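Since the structure of chain U is provided, determine the placement of chain R on it from the hints.
Listed in order, the protein sequences are those of chains U and R.
Per the numbering used here, the first sequence starts with residue 19, numbered consecutively.
Per the numbering used here, the second sequence starts with residue 15, numbered consecutively.
Since the hints were derived computationally from the structure, they do not count as laboratory data.
Hints are not guaranteed to be accurate.
Within a straight-line C-alpha distance of at most 30 Å, the following computed DSS-like cross-link-like pairs (lysine-lysine) qualify [as the list claims (entries may be wrong)]:
hint, chain 1, residue 1, chain 2, residue 2
1, R, Lys82, U, Lys401
2, U, Lys437, R, Lys79
3, R, Lys269, U, Lys263
4, R, Lys79, U, Lys373
5, U, Lys258, R, Lys79
6, R, Lys240, U, Lys401
7, U, Lys437, R, Lys18
8, R, Lys79, U, Lys440
9, U, Lys373, R, Lys269
Quick list of the computed label-pair ranges, beta carbon to beta carbon [claimed, not checked]:
hint, chain 1, residue 1, chain 2, residue 2, range
10, R, Ser21, U, Lys125, 37 to 45 Å
11, R, Gln34, U, Lys401, 45 to 53 Å
12, U, Glu97, R, Ile20, 23 to 31 Å
13, R, Asp241, U, Leu402, 33 to 41 Å
14, R, Ile20, U, Lys401, 41 to 49 Å
15, R, Thr88, U, Lys409, 35 to 43 Å
16, U, Ala455, R, Lys317, 45 to 53 Å
17, R, Ile80, U, Glu459, 58 to 66 Å
18, R, Ile20, U, Glu220, 30 to 38 Å
19, R, Phe52, U, Asp34, 31 to 39 Å
20, U, Leu402, R, Lys82, 23 to 31 Å
Remember, it's a predicted structure, so these values are computed and weren't measured experimentally.
For every residue, glycine included, the Cβ atom is placed at its ideal position computed from N, Cα and C.
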Amino acid sequence: MRLHGIKIPHKKNTADCAPVRITIPETVTIPMSMHIGKPAKVIVKKGDEVKVGQMIGQADGFVSANIHASVSGTVQKVEEMVSSSGARIPCVVIKSDGKQEISDDVKKPEITDFESFVTAVKGSGVVGLGGAGFPSFVKLSVKDLAKVKHIVINAAECEPYITSDTRTMIDKGEYVFKGIDALKKYMKAEHFIIGIESNKPEAITKMKELASKTDGVDIHVLPSIYPQGGEKVLVYNTVKKIIPKGGLPLDVGVIVINVTTLAFIAEYLETGIPLVEKCITLDGSAVKEPKNIIAPIGTSVAHLVKSAGGLKSEPAKILYGGPMMGIAMPSMDEPVLKNTNAIIVMDKKEAAPMKTTACIGCGACLNHCPFRLDPRAISRAYKLDDSEQLKELCVDLCMECGCCSYVCPANRPLVQTNKLAKGKLRAYLTAQKAAEAAKSEKEGK
Amino acid sequence: METKLISSVSPHFSGKRTTQKIMLDVIIALIPAAVASFIIFGWRSLLIIGVCVASCVASEFVFEKICKRENTVTDLSAVVTGMLLAYNLPVGIPVWQAVFGSVTAVIVVKQLFGGIGQNFANPAITARIIMMTAFSGTMTSWVIPASIDKVDVISSATPLVASAKGETLPSYLSLFLGTHGGCLGETCAAALLLGGLYLLLRGVISWHTPVAFIATVAIMSLICGKDVLYQVLSGGLLLGALFMATDYSTTPQTKWGKIIFGIGCGLITIMIRFWGSLPEGVSFSILLMNILTPYISKLTRNKPLIGGAKK
Numbered sequence: 019m020r021l022h023g024i025k026i027p028h029k030k031n032t033a034d035c036a037p038v039r040i041t042i043p044e045t046v047t048i049p050m051s052m053h054i055g056k057p058a059k060v061i062v063k064k065g066d067e068v069k070v071g072q073m074i075g076q077a078d079g080f081v082s083a084n085i086h087a088s089v090s091g092t093v094q095k096v097e098e099m100v101s102s103s104g105a106r107i108p109c110v111v112i113k114s115d116g117k118q119e120i121s122d123d124v125k126k127p128e129i130t131d132f133e134s135f136v137t138a139v140k141g142s143g144v145v146g147l148g149g150a151g152f153p154s155f156v157k158l159s160v161k162d163l164a165k166v167k168h169i170v171i172n173a174a175e176c177e178p179y180i181t182s183d184t185r186t187m188i189d190k191g192e193y194v195f196k197g198i199d200a201l202k203k204y205m206k207a208e209h210f211i212i213g214i215e216s217n218k219p220e221a222i223t224k225m226k227e228l229a230s231k232t233d234g235v236d237i238h239v240l241p242s243i244y245p246q247g248g249e250k251v252l253v254y255n256t257v258k259k260i261i262p263k264g265g266l267p268l269d270v271g272v273i274v275i276n277v278t279t280l281a282f283i284a285e286y287l288e289t290g291i292p293l294v295e296k297c298i299t300l301d302g303s304a305v306k307e308p309k310n311i312i313a314p315i316g317t318s319v320a321h322l323v324k325s326a327g328g329l330k331s332e333p334a335k336i337l338y339g340g341p342m343m344g345i346a347m348p349s350m351d352e353p354v355l356k357n358t359n360a361i362i363v364m365d366k367k368e369a370a371p372m373k374t375t376a377c378i379g380c381g382a383c384l385n386h387c388p389f390r391l392d393p394r395a396i397s398r399a400y401k402l403d404d405s406e407q408l409k410e411l412c413v414d415l416c417m418e419c420g421c422c423s424y425v426c427p428a429n430r431p432l433v434q435t436n437k438l439a440k441g442k443l444r445a446y447l448t449a450q451k452a453a454e455a456a457k458s459e460k461e462g463k
Numbered sequence: 015m016e017t018k019l020i021s022s023v024s025p026h027f028s029g030k031r032t033t034q035k036i037m038l039d040v041i042i043a044l045i046p047a048a049v050a051s052f053i054i055f056g057w058r059s060l061l062i063i064g065v066c067v068a069s070c071v072a073s074e075f076v077f078e079k080i081c082k083r084e085n086t087v088t089d090l091s092a093v094v095t096g097m098l099l100a101y102n103l104p105v106g107i108p109v110w111q112a113v114f115g116s117v118t119a120v121i122v123v124k125q126l127f128g129g130i131g132q133n134f135a136n137p138a139i140t141a142r143i144i145m146m147t148a149f150s151g152t153m154t155s156w157v158i159p160a161s162i163d164k165v166d167v168i169s170s171a172t173p174l175v176a177s178a179k180g181e182t183l184p185s186y187l188s189l190f191l192g193t194h195g196g197c198l199g200e201t202c203a204a205a206l207l208l209g210g211l212y213l214l215l216r217g218v219i220s221w222h223t224p225v226a227f228i229a230t231v232a233i234m235s236l237i238c239g240k241d242v243l244y245q246v247l248s249g250g251l252l253l254g255a256l257f258m259a260t261d262y263s264t265t266p267q268t269k270w271g272k273i274i275f276g277i278g279c280g281l282i283t284i285m286i287r288f289w290g291s292l293p294e295g296v297s298f299s300i301l302l303m304n305i306l307t308p309y310i311s312k313l314t315r316n317k318p319l320i321g322g323a324k325k
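Looking at chain R on its own, in the form it has when it is part of the complex:
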């Protein structure tokens, strides 16, 4: 019998990296922050993360079934969206609101634009902004770490809110370890930096965006006479700069594009923090820069290597 040979065009080798493996790396990088949130805020943080992940995955699965699209649940991107959204919520958020946010993120922001790779805005960030507007009460009721298990829920301001109101601030150490009020995944700088370092070493993200973003915030804080370390370690800056501003489909792909994106995020964050009426501006800065991404990409496209004029 004649053997049938595969006849395809080159290349006949392909790399080992797949979308699924990239997403798995992001999930691994997000685990330290999950552990930290459990230690700081208790069991409820794991409940919220679980609810968000489950409802993101379910939304993706059901929507794709209804639309007869290819099922992409196994690429794990919905899991990442769920984790990131959960990290952006206060631990006391009602479960139904967390579900609402997840459905919005996956269906409205991601699937309606064509699914993975086609959305122009970061699903988790956009969902968080919608929730901030829709549930401004629960979305800003921060709790003192680990008090959620007790009968009385004592509210506590986030460092940035406290700073804006001129109240006493937590120490640098507390900021670094995350033992203060805030969204469940954003408070522990140490865990986020560990995760970010993992993504850098694995080559999943490049240093350009996070460094440009954080450096811009630091320099602008210095110029404006604010406490630099405070501005860098508090709020959602590290979570945003390391995990959300490095999202592939919603940010530029070239080196300079990433740097411009990071600087833009930093400037908008500072403007909102210092002169806006909201205490925190990381989410808005990333969303606004997401919108500018196609233009930044066009502006910073690599110049093909055409050499000098042909002789």
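Bound conformation, chain U alone:
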């Protein structure tokens, strides 16, 4: 069986651009939530002097992540701001002194066993850098290491424009393999698969060359058909196993880790500098000089764009991430986050919405869905408020990759409706569970 997908323009204009460092901004705004899970607790206050790598937000609860200062300077304010997801998040604003002094807290972590390895990963503040932002140490905290049969390294980078993972493989390929060595040593993992889309020949050559010097690493060249980088798609295409609905890769004996995340972990084990800066692809039709840049976390998009050569036309839409799954930001004041791998600035023409017309029943949506969902039926069930039908149609399986909307000749908002339908189903299932619990409690009495 082959999973469906779509052919989209690659636009990997920046694949040959080695990342360059931008000038340090005057201020950085660091939100306490740049990961999936609970926001971190702010541990600095207005007026505090901070240095690069100093912890300013502490992980709160198990699924959370530490956050560190990305510039040296003074804490200007700590206040709640509305993030691009609409939630109110505490943010730390630091005024830079331009010195970029490294904090004394930064030191090479001492690792002796699996437990101290996970602690070190937690200490680095790293989250899934492919875009998901799931705290990496949580993923690596496997109770029964014998369950891990394969570690799949996600280097598919299937979104158009983005080349930051490509650059990691080319510029920091050695760190990817040092990361593999660490996982071999501390997690006792034996088999690694690096999944790379075929549109990155240079990265593939480099990875193959490095893989030939070590045992247990397979390079799996994936077809350039979006969305190869979707976790379930990647696991299926590399180890031929389907992750059960609502389950994790571990349910089929796999851990999936992004290639840049792994390279960062390896680098951290050597230097002890936590996640304070990020390689970002800056591209899009409005960008004057598309390139890869390294920016401190919390840099505003406006500063980033300006110091990277500016724009050639009026921006109409700015995205965190790629055009298929990226998030449109409300203004250019938004900061660069830990999991930002690209900033795409679209001009008016590229961002112009297409007209939505009537569904002609061509079936392109359901014949291109990687998970074989039926977006047309889901839309209908959503409009009819039929949650039972939504459950039957497995809308909760949807990963929002956007293939259905992309191929729709009538430009129907299919994935957009799926998102709403997922929310509706979630509410319905929660209410159902609550009703059942109430019922059993009553019967218990």
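For chain R alone, coordinates are given in the frame of chain U:
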């Protein structure tokens, strides 16, 4: 001044294909058959095609104006309906009857059910069936190719009628090129196959329905001891299988749904041809399968990729 940014949910890219482009592809694919009909039947075939297209487009435009619906003339679907209906008419059809058919197709079969994408039956096919019943005389008076320009109109049976009556049949070559009696767009197998191939290559249609439809007719003809090539090349089979049974909104969308639809069409066509009182059954077969489409779709819905039980 603060720049206003568009803030919409992903995806921020969309494909280049639109309904209009799909319909344009269908129109391009139908052109070879129009050229063939002009060569075979003369100027009047172009007149009928023109009349049908114009009245379909006009019906759509006027109806949507009256109902204050969004105007969909530019999506070109009415043009396709007009061409397909014309291809299903004999070249000698009176113009007013062709207009009647077009108005029926667009207003009754398509617009009254909600317009493009909402109709459950193929407009051109349903209109043709209504016309067959209403104007059975003119709808079955076939002419010898190119004789319409001459003073005497000589009638000629279609191959299937001839076959049913046991008369002499045209050669295979004549069937392939379409130089025999029949509806103006259905006779030239070569032109229809060329158009069908174009739609397949452009990804507008998939092979499942046409192959299942034609193969069923071929196999059933073989079993029943009929001339296979004859059954496949004559009548409206190719036009129906390539252009009408592949209509989006009135046929199933999944691979297996399309195959079941095609087999069903093939079986009904054969039943009508061999054991019914009509010489041809393609139109009825497609209409009947149109009605079954929602059930076939439900039966053949893709199974979501839920994997094994969660551990």
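Results for each hint:
no., hint, in the structure
1, R:Lys82 / U:Lys401, "holds (23 Å)"
2, U:Lys437 / R:Lys79, "violated (35 Å)"
3, R:Lys269 / U:Lys263, "holds (24 Å)"
4, R:Lys79 / U:Lys373, "holds (20 Å)"
5, U:Lys258 / R:Lys79, "violated (55 Å)"
6, R:Lys240 / U:Lys401, "violated (51 Å)"
7, U:Lys437 / R:Lys18, "holds (25 Å)"
8, R:Lys79 / U:Lys440, "violated (38 Å)"
9, U:Lys373 / R:Lys269, "holds (29 Å)"
10, R:Ser21 / U:Lys125: 37 to 45 Å, "holds (42 Å)"
11, R:Gln34 / U:Lys401: 45 to 53 Å, "violated (25 Å)"
12, U:Glu97 / R:Ile20: 23 to 31 Å, "holds (27 Å)"
13, R:Asp241 / U:Leu402: 33 to 41 Å, "violated (51 Å)"
14, R:Ile20 / U:Lys401: 41 to 49 Å, "violated (25 Å)"
15, R:Thr88 / U:Lys409: 35 to 43 Å, "holds (39 Å)"
16, U:Ala455 / R:Lys317: 45 to 53 Å, "violated (31 Å)"
17, R:Ile80 / U:Glu459: 58 to 66 Å, "holds (60 Å)"
18, R:Ile20 / U:Glu220: 30 to 38 Å, "holds (34 Å)"
19, R:Phe52 / U:Asp34: 31 to 39 Å, "violated (55 Å)"
20, U:Leu402 / R:Lys82: 23 to 31 Å, "holds (25 Å)"
When each numbered hint is compared with the structure, violations occur for hints 2, 5, 6, 8, 11, 13, 14, 16, 19.
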